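Can you make the complete structure from the sequences, with help from the hints?
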Amino acid sequence: MSVSVLFRHHVRLHRVPLVPLAAGLALFEWMMTFVARQPAVSSFLTAALRAAPPEFLSLMNQDLLTSVSAQGIIGVGYTHPFVLIMMAVWTARVPCAALAGEVGRGTMNLVAARPVTRAAQIAAALGAFLGGLGILAAAAWLGTLIGLLGRPLPGVTAWRYLPVAAALWLTFAAFGTVAILVSALNREAGTAIAWLSGLMAGSYVLDYAARVWPRIASLRPLSLFRYYEPQRVVRSGLAGCDLLVFAAVAAGALLIAFVWFARRDL
Amino acid sequence: MSDAPLRTRGLGKRYGRVQALDDLSLDVEQGEVFGFLGPNGAGKTTTIRLLLGLIRPTAGEASVLGQPVSSPAVAWRAEVGFLPGDMTFWPRLSGLETLDFLAALAGRPPDGRAALLDRLALAATELARPVRTYSDGMKQKLGLVQALQCSPRLALLDEPTKGLDPLVQHGFYEIIADLKADGATVFLSSHVLSEVERVCDRVGMLRAGRLVSVGDVEALRRAERRRVRADFTADVDPTTLAHFGELVVGHPRRVELLVARAEIPALVARLGMLPLADLVVERPSLEVAFLEHYR
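The listed protein sequences derive, respectively, from chains B and Z. The opening position of the first sequence corresponds to residue 106 in the working numbering, with each subsequent residue numbered one higher. The opening position of the second sequence corresponds to residue 2 in the working numbering, with each subsequent residue numbered one higher.
Hint data in this document are derived by calculation from the structure and do not stem from the laboratory. Don't take each hint at face value.
[To be verified] To give a feel for the contact side, a few chain B residues facing chain Z, derived at Cβ under 10 Å:
#	residue
1	S107
2	V110
3	R117
4	L118
5	S174
6	L215
7	A217
8	A218
9	P220
10	T222
11	L360
12	R369
Since the structure is predicted, the reported quantities are computational estimates derived from the model, not experimental observations. Using N, Cα and C, we set each Cβ at its ideal position, and we do this for glycine too.
Written out as C-alpha cells, the structure reads:
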C-alpha cells in the first residue's frame, strides 16, 4: 500500500523531465537510422573509422568491421555519449532525489513519520527509477523501430536492437542500484549526485583506459561498462555472464542500502 | 508496555560530543495536552524526532501508543499526527496534492480536513496553488492540516504556532481544544509560555537536553510572579513594601519586587500613596517563572 503511494509520488515528481529525455533518445536513435542509410555518411564514417587510431575505436567501444555496416552504425547509436548521458541523468536524478533529496529538503520527516518502512521507501524509489529507465530504453528502441519501419534497410531489423535496448536498461539499472546505495548513505541530493557521477565517470574511464593500456587491462572487469557491448549483443544476444554481473551488483548494492538506510538517522 | 500513549525511560541522544538529550523519563497520559518548553537548542525537536523513530536513541527507550519506537512495526504511526518544526514541502505539488498524498500514506481517511481548513482559514483556491507560492504562514497552516487531517490519537506538534497570525493562532487553540474533547493526546513543543498556559494541562521544561521539571499548568499560573519596578521622585523606605513579595532591589528612589499576581492590585494601591515617578510590571522570563515554581 505505502509502496504504491510512494511510487506514484515519485512518478509525479519526475514525470515531466522523463518526457524530454525519452523524446531525445527516440529522436537520436531515429536519426541514427538515417545516418546509417546515407551512402555519403557511411562512406565518410568508413573512411574515418579506417583512419582512426585504435585508441579512438576503443573509446567508441566498437568493432571496426561491424561499425561501418548500416547495422553497426545503428549499434553505435546505443553507445554514443549522448545516449549514455541521457540515461545517466535519469539514473542520478530519481534515486538521489528519492532518499538523500528528501532528507536534505526536510520532506523525509513527513514521509518517515507515517506508517512507511524504510524498506518500502527504497522499494518505491527503485520501482520509479526502473520504470522510468524502462521507458527511456524503450523510447530509444522505438526511435530505431520507427526509423527502420519508415525506410527499411536491407538485412537490418529493429528486433535485433531490442536486446541492445535491454542491455542499455540493465547497465543503467545496475548503476541505479548503486545510486540508491549512494543516496541511502547521504543527506543531500547534490552530494549523492556528485558521488554517483564520479562513480559512473570513473567506471567509463576505467573501461576505456583498460582497453587501451594493457598494464591495467586486468582491471577492466571492475567497470560496469565492460559488460555493455551493443555490437556483441547485436551479433550474439545478451550474455549470461553479463546478466550475472549486473544482478550481483544490484543485489549487493541494494542489500547494503536496505541495511544502512534502515538503521540511519533521518 | 505502559498504557500511556507516550512513555520514555532514560531516553538520550548524543551527536558525537554533543549530548542533545539526556535521560528523559516522561509519561503523557491519554487525552492530555502536554507542553514541552525550552529555549532553542534545548532538545525539544530531538525528543519529538526520537518519539517518531526518525532518529535512533543512544540511550534509553520510548514507546508511542503502546509500541516500542525501536520495533520494526510501523502501523502505530497511522494514528500519530506530526508537525515538523521546519515546515518544508514538495514545491511543485499543490497544497491539495500534498494533503492527499500524505493522507494516502497514512492509510486513513482525511475526515478532519474540512474543519481544519475552515478553522485555519485556508481556502480551496489557495490549496490549488503550488506550495512554492505559499508564504511561511500558509506553509505552517498546511503543516497543521496534514498533521491533524486524519484525526490522530496522538499529535506531536513542534512549535505549532510559529509564523501564524493571532487570528489563526486562536483557531489553532480551538483545534487543540477539539482534539482534547475527542480524547486525543497532544504533545507540543514551544518556547512561548502564554501559548502553553493557554492550551496545556501539564508542561515539562527542558534545558540543555535535560528535563528540568514537569508540572501542572494551573499551579504554575497561580504561582507565577511578576517583577515590579517602581521609581520615586523622593526617597521612600523600601522595607515598607517588602511584605508584598520578595524585595530584589531596595534603594530609596527605586524598588524592585517579585510579587504574586494576586498581590498586584494591593501593591499598586500602596504605591499610589507614595511619590511614584514610574511603574513597570514585567512577566518574568519563561525559564525564571517555571523554575521559580518547580525547583
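Against the structure, the hints come out as follows:
1. S107: holds, 6 Å
2. V110: holds, 5 Å
3. R117: B:R117 check passes; min Cβ-Cβ to chain Z is 7 Å, inside 10 Å.
4. L118: Since chain Z brings a Cβ to about 7 Å from B:L118, closer than 10 Å, the hint holds.
5. S174: Where the cut-off is 10 Å and the nearest Cβ of chain Z is about 46 Å from B:S174, the hint is violated.
6. L215: Constraint on B:L215 satisfied, holds at 6 Å.
7. A217: holds, 6 Å
8. A218: It holds, given that the least Cβ distance between B:A218 and chain Z is near 4 Å, below 10 Å.
9. P220: Interface hint status for B:P220: holds (4 Å vs cutoff 10 Å).
10. T222: Holds: closest Cβ of chain Z sits about 6 Å from B:T222, inside 10 Å.
11. L360: With Cβ-Cβ at 17 Å, over 10 Å, it is violated.
12. R369: holds, 8 Å
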